[in-house]
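Novice: As given, the protein sequences belong to chains A and B, one line each in that order.
The numbering of the first sequence is the numbering used here, which starts it at 4 and goes up by one.
The numbering of the second sequence is the numbering used here, which starts it at 916 and goes up by one.
Don't take each hint at face value.
Covered by chain A, per the in silico footprint, the following chain B stretches (three or more residues, Cβ under 8 Å) [what the hints assert, rightly or not]: (1) 1059–1070; (2) 1144–1155.
Some chain A residues near chain B, calculated using beta-carbon distances under 8 Å [claimed, not checked]: (3) Ser33; (4) Ala39; (5) Gln155; (6) Thr187; (7) Thr193; (8) Val198; (9) Ser201; (10) Gly317; (11) Tyr318.
No wet-lab data here; the hints were simulated from the structure.
Quick reminder that beta carbons are idealized off the backbone N, C-alpha and C, glycines included.
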Amino acid sequence: MIKTLLATAAVVTLSTAAQAQTIGFSQIGSESGWRAAETTLTRQQAEERGITLQFSDAQQRQENQIAAIRSFIAQGVDAILLAPVVATGWDSVLEEAKEAEIPVVLLDRQVDSSEDLYLTAVGSDLVHEGEVAGQWLVDTVGEDECRVVELQGTTGSSPAIDRKTGFENAIEGHDNIEIVRSQTGDFTRTGGKEVMESFLQAEGGGENICALYAHNDDMAIGAIQAMKEAGVNPGEDVLVVSIDAVPDIFQAMANGDANATVELTPNMAGPAFDALEAYMADGTEPEKFIQTESKLYTQDDNPEAEYEARKDLGY
Amino acid sequence: MPQVFRRILPQVLTLLAVILLVSLVFPGFVQIDFERGRLVGPIIDVLKRGAPVALLAVGMTLVIATRGIDLSVGATMAISGACAAWAISSGYGLIPALAAAIAAGILSGLWNGTLVAVFGIQPIVATLILMTAGRGLAQLITEGRILTFSHDGLAFFGSGTILGLPVPALIWCVAAVLFALLVRRTALGLLIEAIGINRRASTIAGINSRVLLVAVYVASGFCAAWAGIIATADIRGADANNSGLWLELDAILAVVIGGNSLMGGRFSIAASVLGALIIQTIDTGILLAGFPSEFNLVIKATLVIVILVLQSPNLAPHLARALRISRGAPLVGSSAAREAGE
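In isolation and in its complexed conformation, chain B is listed as follows (with noise of 0.2 Å):
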């Protein structure tokens, strides 16, 4: 268990410095109050704002272990919530709705899957054709327009609230958890990551790679499509043009701050969850602060850098070591910094 939190602690200790950065600039942010049987505040906002970046860094996790990615989930995300909309909107009840989403996202993953896994295509040119037909997909069954309902029990994956805590916090929270557990006490994590460092191999010792590869595509679509049902239940309709549009990039991004390697092998489920928070607090931070829209993108540019930078392989250990001699005495962070060199 510790071995897990010096391989997150990089990440936990940028989520504090950008809550600090953030603070500085809005000081309320780190308040929270209780009203009207909800918690509110900023915080709560990033948890519940970041839930479909942190859905889809989850399932995006696992195609990266493999050296694959998936850029197909913001597609996936609207195709789901629209399913979502038109069954909810037919008059065929909750839990149909809920299938439905979560089929398409299946279906979507298996799609992916087979064409990475069976055909043999390269995973970056596989998912881009759902990433660019999907949303034609997505229009078809919304007929081109934003599909309004008035579901409350569909609603209340958007906005509801359990405990006081808003329920997409909630579902990514679990999603992760379940996700974390499944690979890490079977056999699946090191199998997924034994793929990813070297596939022949793999196979050859006797893994059985197609199956797992076309899994974790499904498993990437299964977290996109509640992703998805979240984005539509928030806004109570299902936007194609705009639900999820280029989050697979922020997706990659939450891997990437996580300290995942692209060209796969060892992954981090807990560490990509945190670049999605890190993310998010970005975003919200910017929101708060009251800059004008123009520099939005440019800090969010600068922050990622920064980020990135302080986590290179090749600056992270001189960094840790130089930190080190200063105090002259071993810091934690060096530690785990290296490893997220690694």
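Bound conformation, chain A alone (with noise of 0.2 Å):
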């Protein structure tokens, strides 16, 4: 059955390769400023790649989504693209999308239905984000003692979780670092920066707190404000490492005021793309997750230019 889905599938995109390819893109909404550049970077690459991009904003409700998906059938588009407002409930529509043979590709995160009824999801691995941002602390540190302390995003979320694993996965087997104090910022620069407070209080002014893990770039934002009116100068008394890479991380490592971030790409349409023209090429089935580069920015890396480039993106 599968097969002959593909083939015909394979035929189709054949005959249409020739035209202009059209492209539903369903979007969960704007509630951050990660989400306005994902939006924006999957327009860039949908234009430079000469697709029509059919763009659809669900305002964080999954019943807009569903109906996005609809009309994106039955108007007849090439494919799908669906970053999910939540993980349940897609089975249906899923399978109306199969039967109508446009493949759909999931986008930052994950449905719990049935694989093979999307194409292919891309995402960033979120364990893996919290184990590049613990092992530049540990090559920093080498051997010297470390007291670090932890900002967690929102209690019980899933970055929270696999971000705090990784990290503790990478600080393993190191006895000289060590989390001492680890605390819920609800990944904002309000939360970020009293939770800051409370830690420099609690530690000695600072004087005992060697580096901050936070599990996103605005709660790092946060505690170096805190730091700063505390008179702590955040990178270089206080290591300062995050994850995201949002623009106005840059500037503060510009500053010299944070040390890493390890990025969160918004570009998952580029690899979702990618993986979609080679499926209508030649049919080729994709693996059933793409994994995007958690890459590690440093104060060696150019920060300057690197806020210069994403500036402009929507965060």
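Join these two chains into a complex; the hints should help.
Specialist: This is the structure in structure tokens:
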């Protein structure tokens, strides 16, 4: 059954390959700067490849996404990109897409439907991000004693759990590095600042802290302000490593206030389009999960230029 | 005057009890040092961090006294903060930025007040509109990103100090004192209470309830605007998604811990502000204690339940009597507890 489907899909795509493709993109909404950057980059990538992008903003509601996918199917688009707002409840609409022989690629988040209902999922490995951040600290401090304070994301959210796990994996076996305090800053600047203030109070005004690990850049930026106001020199007295690589953290790195960040790339569409292209050309089945690179940036990576490159993406 | 002290005594005792409790888990809690021209210490952090909720509680007290509620204050904070950050980053200078933020707060209040007083929409529904739409408005102003600025004048309202004291703490103190004087040195407070107890009767008695109702929502918007300025100045950026998120609930909780009835009528601004400080002391205490973050909300909820049960009208008088009998002498807290129970 699948083979015949694939064969027909290949025939259909061969016949349309010469024409410009139309791809539908159902985006969650614009709840964060990262999400806005993902939308901008998806549009850019589509334009570069001569793809017509049908964009639909779901405003954080699954029913809007389902409606958008149904309308994409009705329009007969060549493929669908879906950034799912929740993990459950996609089975029937994905089956409809499959019956219409339209490949669906998931961006950034996963669904818990059967794997044969979508072509592939493009995303970042959150545990790996934490590991890259932890490995940077291990390499930087060497054998020195290092007391780390951790700013967690929203309690119970999967990025918070996975980024914590990854960091702990990386520092395991390095007894000189120890997480002494860990609290949630809710992924916000205010949260990061408030919690860092209490860390500084509790750890001798910051003298006993060697490094800060924040689950996202915004909390790190808030914490940097808290340290400056408390007379602690972030980046030197306290090493700062965080995750996401938003523009403002590059500015902080350029000023010497932050040391390293791990990129959660908003360019999920690039790999998705690549996979779709290969699939449509000769029916190559991609892996079910395409992991984006979790690239580490430090002060040596020309943070000014990185800031300039990112500031207009909509972060 | 002694009446005022009797009214706020339960809140003062609660605050002291919470401070004592936090000191047990974090012994340095009451320690205050003087470093680099500013006072530092957990208590100072409480005064500073509690500023947004304390300010919101001042406005919320007046609204609740009219038997209303203002759910939109968190969103108003976001709008005002966005206006201030937008004005300052567009190069308009400090005074226009503050003016824009406060104007946005007052406009939000006018909108709420008009819906409630002129169109007769129930306050919880009327303010829910701005609560949901307001954050969208703020995002329109910031274009969906965190709008950062580098202007020391505006940042002063978040992290500056005067005579070693953090500016946000001074702002809420001044606001609380001014509003308390305004309603208690004039008949305004009495008229607001009259509306809360029976709007129709007070209108018949000659009170212009429509104007007064609009005025309390404007006052609430004004307070929210200052809270928004502080929140934005604190992180040197307007975060429309998160600024003031869920703070309307903390503000209502502060008013309730302050012993004010959600059914309107008698109110005490001082008690509400103490309620805000109690909440902030719990929050800061949790952060300092170093428990895993999964426990944050459980600890907070438990403490709030205990406080509210102790203050409940059915329990407080009995508690006070029991204490008096066991001590064999009248206790100062007893009459105050009964007062809170009214």
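Novice: If a hint holds in the structure, say so; if it does not, say that too.
Specialist: Here is what the structure says about each hint:
no.	hint	verdict
1	1059–1070	holds (count 4)
2	1144–1155	holds (count 6)
3	Ser33	holds (5 Å)
4	Ala39	holds (5 Å)
5	Gln155	holds (6 Å)
6	Thr187	holds (4 Å)
7	Thr193	holds (6 Å)
8	Val198	holds (6 Å)
9	Ser201	holds (4 Å)
10	Gly317	holds (7 Å)
11	Tyr318	holds (6 Å)
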